[in-house]
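S.K.: Given the coordinates of chain A, work out where chain B should sit on it, guided by the hints.
Protein chains in written order, with my numbering: chain A, 1 to 115; chain B, 1 to 164.
In case anyone wonders, no lab produced these hints; they're calculated from the structure.
From a predicted model like this one, the values you see are computed outputs, not experimental measurements.
Some hints here could point you the wrong way.
Unchecked claim - Residues on chain A that point at chain B, a partial pick, calculated with CB under 7 Å:
(1) Asp33
(2) Ala41
(3) Leu44
(4) Gly47
(5) Ile75
(6) Leu82
As the list claims (entries may be wrong) - In silico DSSO-like cross-links for lysine-lysine, where the CA-CA straight-line distance does not exceed 30 Å:
(7) A/Lys102 / A/Lys78
(8) A/Lys78 / B/Lys128
(9) A/Lys18 / A/Lys61
(10) B/Lys128 / B/Lys22
(11) A/Lys61 / B/Lys109
(12) B/Lys80 / B/Lys67
(13) B/Lys109 / A/Lys72
(14) A/Lys102 / A/Lys72
(15) A/Lys78 / B/Lys54
(16) B/Lys67 / A/Lys45
(17) A/Lys60 / B/Lys109
(18) B/Lys54 / B/Lys80
(19) A/Lys72 / B/Lys80
(20) B/Lys22 / B/Lys67
(21) B/Lys128 / A/Lys45
(22) A/Lys60 / A/Lys45
(23) A/Lys72 / A/Lys60
(24) B/Lys67 / B/Lys54
(25) B/Lys155 / B/Lys20
(26) A/Lys60 / A/Lys18
(27) B/Lys109 / A/Lys45
(28) A/Lys95 / A/Lys78
(29) B/Lys80 / B/Lys109
(30) B/Lys109 / A/Lys78
(31) A/Lys45 / B/Lys80
(32) A/Lys60 / A/Lys102
(33) A/Lys102 / A/Lys18
(34) B/Lys80 / A/Lys78
(35) A/Lys72 / B/Lys54
(36) A/Lys61 / A/Lys72
(37) A/Lys78 / B/Lys20
(38) A/Lys72 / A/Lys18
(39) B/Lys22 / B/Lys80
Note that CB positions come from ideal geometry on N, CA and C, so glycine has one too.
This is what each chain is made of:
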Amino acid sequence: MADDLLSIIAGSADINEKLISRVRLEILWALSDLREDGATARQLKAGLNLNDGVLYSNLKKLEDFGYLRCQKTTIEGKELELYSITSDGITEWRKVRTWLRKLLGCEEDRCDITE
Amino acid sequence: MDNERYEHRIIAQKTVFLLKMKGIPLEYGFNLYVRGPYSPLLADHYYAHSDDMKHFNTTETLEATEKESVRQLLDLFGNKASLLEIGATYSYLITTCHLSAIDAFRTVKSMKSFYSTEQIVRGVNKAKQYLFVASVEDKRVMDSELQMWQRAGIKSLWSQHAPE
Numbered sequence: 001m002a003d004d005l006l007s008i009i010a011g012s013a014d015i016n017e018k019l020i021s022r023v024r025l026e027i028l029w030a031l032s033d034l035r036e037d038g039a040t041a042r043q044l045k046a047g048l049n050l051n052d053g054v055l056y057s058n059l060k061k062l063e064d065f066g067y068l069r070c071q072k073t074t075i076e077g078k079e080l081e082l083y084s085i086t087s088d089g090i091t092e093w094r095k096v097r098t099w100l101r102k103l104l105g106c107e108e109d110r111c112d113i114t115e
Numbered sequence: 001m002d003n004e005r006y007e008h009r010i011i012a013q014k015t016v017f018l019l020k021m022k023g024i025p026l027e028y029g030f031n032l033y034v035r036g037p038y039s040p041l042l043a044d045h046y047y048a049h050s051d052d053m054k055h056f057n058t059t060e061t062l063e064a065t066e067k068e069s070v071r072q073l074l075d076l077f078g079n080k081a082s083l084l085e086i087g088a089t090y091s092y093l094i095t096t097c098h099l100s101a102i103d104a105f106r107t108v109k110s111m112k113s114f115y116s117t118e119q120i121v122r123g124v125n126k127a128k129q130y131l132f133v134a135s136v137e138d139k140r141v142m143d144s145e146l147q148m149w150q151r152a153g154i155k156s157l158w159s160q161h162a163p164e
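Isolated chain A (complex conformation) (with noise of 0.2 Å):
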């Protein structure tokens, strides 16, 4: 416990806290491993039942921390707006996701979550 409390803390100290959010931890999740082939805002909105207001504002923000690009494109004649997670995004989403997985007392795929 003491190991871990100390390994916590250092870690805590590591990590952007605005992004210890739901909506902002699911986006980063949802895109990490489509990297740069990416999901538009359509898919990403229905996808995590998330509505215009809430998935853009966080969207902006995630931008605004580089964590996110977003291109135009084009699907059936359709102009779309692609979002990819850049490599920042993704060495923070290592960090976070490795701090929680610690905060969880997650070891390889389990995690110990049963109290």
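M.R.: Just chain B now, kept in the frame of chain A:
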């Protein structure tokens, strides 16, 4: 395929997924993402071999049955990204998440709510046409339903033309 174009990347991902569902042995593993079924390994491959992808260079050859599966897919979906995205997502929910047909349809409607109901019905029907193989029992049920409709049709014709 031009991997600079998002639409082409969607078509590639969903085409490979549906061909795999049809039984063509492909090495790619797929998981469900906000885009629908997606394989990061396939993405690695089309980015690493973008020139080969653009000019369809390959040393692989398809067997006759595999060529037929590709032809059927092209005939049904016509390389249309929206239909492929809907059809592949529906197929994933049925085959991998083991949802019932009605629950899979509802989930696609919610996950792909930016498409019209008409587009979703078309995409789902294409997937069913492509992947559904009728069992003996399915055929028996369909035959009995068809016979019912045929009898009703004959009866209605008879009542219209019967002498008074």
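S.K.: Next step is simple, just say for each hint if it's right about the structure.
M.R.: Hints, verified against the model:
Proximity of A/Asp33 to chain B holds as hinted, the smallest CB-CB distance being about 5 Å (cut-off 7 Å). Interface restraint check: A/Ala41 against chain B, minimum CB-CB distance 9 Å, threshold 7 Å, status violated. With 7 Å as the threshold, the beta carbon of A/Leu44 comes within range of chain B, its nearest partner Cβ sitting at about 6 Å, so the hint holds. At its closest, the beta carbon of A/Gly47 sits 3 Å from a beta carbon of chain B; the interface hint therefore holds under the 7 Å criterion.
Given the 7 Å rule on beta carbons, the hint for A/Ile75 holds: about 5 Å separates it from the nearest Cβ of chain B. For the restraint placing A/Leu82 at the interface with chain B, the shortest Cβ-Cβ distance is roughly 6 Å, inside the 7 Å limit, so the hint holds. Simply put, A/Lys102 and A/Lys78 have alpha-carbon atoms about 43 Å apart, too far for the 30 Å limit, and the pair is violated. A threshold of 30 Å between alpha carbons decides the hint, and for A/Lys78 with B/Lys128 the separation of about 27 Å falls inside it, so the pair holds.
Taking the CA atoms of A/Lys18 and A/Lys61, the gap is near 9 Å; set against the 30 Å cutoff, the hint holds. At roughly 11 Å between alpha-carbon atoms, B/Lys128 and B/Lys22 fall within 30 Å of each other, so this suggested pair holds. A threshold of 30 Å between alpha carbons decides the hint, and for A/Lys61 with B/Lys109 the separation of about 29 Å falls inside it, so the pair holds. At roughly 19 Å between alpha-carbon atoms, B/Lys80 and B/Lys67 fall within 30 Å of each other, so this suggested pair holds.
As the CA atoms of B/Lys109 and A/Lys72 are separated by approximately 25 Å, the hinted pair is consistent with the 30 Å bound. Our distance criterion of 30 Å between C-alpha atoms is broken by A/Lys102 and A/Lys72, whose separation comes to about 38 Å. With a C-alpha separation of about 23 Å, the suggested pairing of A/Lys78 with B/Lys54 holds against the 30 Å cut-off. Proximity of B/Lys67 to A/Lys45 is assessed by CA-CA distance (about 37 Å); at most 30 Å being required, the pair is judged violated.
A hinted pair counts as satisfied when its Cα atoms are at most 30 Å apart, and A/Lys60 with B/Lys109 qualifies at roughly 27 Å. With a CA separation close to 18 Å, the supplied pair B/Lys54 and B/Lys80 stays within the 30 Å bound. The hinted pair formed by A/Lys72 and B/Lys80 meets the criterion: a straight-line CA distance of about 20 Å does not exceed 30 Å. A threshold of 30 Å between alpha carbons decides the hint, and for B/Lys22 with B/Lys67 the separation of about 12 Å falls inside it, so the pair holds.
A C-alpha spacing of about 27 Å is found between B/Lys128 and A/Lys45, which places the hinted pair at or below 30 Å, so the restraint holds. Straight-line distance between C-alpha atoms of A/Lys60 and A/Lys45 comes to about 14 Å, which keeps the hinted pair within the 30 Å bound. Distance hint between A/Lys72 and A/Lys60 is fulfilled; the C-alpha atoms sit about 15 Å from each other, no more than 30 Å. A distance of roughly 20 Å separates the Cα atoms of B/Lys67 and B/Lys54; the hinted pair therefore holds under the 30 Å criterion.
Taking the CA atoms of B/Lys155 and B/Lys20, the gap is near 46 Å; set against the 30 Å cutoff, the hint is violated. About 13 Å separates the Cα atoms of A/Lys60 and A/Lys18, which keeps this hinted pair within 30 Å; it holds. A threshold of 30 Å between alpha carbons decides the hint, and for B/Lys109 with A/Lys45 the separation of about 13 Å falls inside it, so the pair holds. Pair hint A/Lys95 plus A/Lys78 does not hold up; C-alpha atoms about 36 Å apart against a cutoff of 30 Å.
Between B/Lys80 and B/Lys109, the direct Cα distance comes to roughly 18 Å. Compliance with the 30 Å bound is thereby established for this hinted pair. For the suggested pair B/Lys109 and A/Lys78, the alpha carbons sit about 20 Å apart, so the restraint of at most 30 Å is met. Of the pairs offered as hints, the one joining A/Lys45 and B/Lys80 holds, with about 22 Å between alpha carbons and a cut-off of 30 Å not exceeded. The suggested pairing of A/Lys60 with A/Lys102 holds, with an alpha-carbon distance near 29 Å, which does not exceed 30 Å.
Simply put, A/Lys102 and A/Lys18 have alpha-carbon atoms about 19 Å apart, close enough for the 30 Å limit, and the pair holds. A distance of roughly 13 Å separates the Cα atoms of B/Lys80 and A/Lys78; the hinted pair therefore holds under the 30 Å criterion. At roughly 22 Å between alpha-carbon atoms, A/Lys72 and B/Lys54 fall within 30 Å of each other, so this suggested pair holds. Using a Cα cut-off of 30 Å, the hinted pair A/Lys61 and A/Lys72 holds, with the two alpha carbons roughly 18 Å apart.
Straight-line distance between C-alpha atoms of A/Lys78 and B/Lys20 comes to about 29 Å, which keeps the hinted pair within the 30 Å bound. Of the pairs offered as hints, the one joining A/Lys72 and A/Lys18 holds, with about 27 Å between alpha carbons and a cut-off of 30 Å not exceeded. Restraint check for B/Lys22 and B/Lys80: satisfied, since their Cα atoms lie roughly 18 Å apart, inside the 30 Å limit.
Against the hints set out earlier in the document, violations occur for numbers 2, 7, 14, 16, 25, 28.
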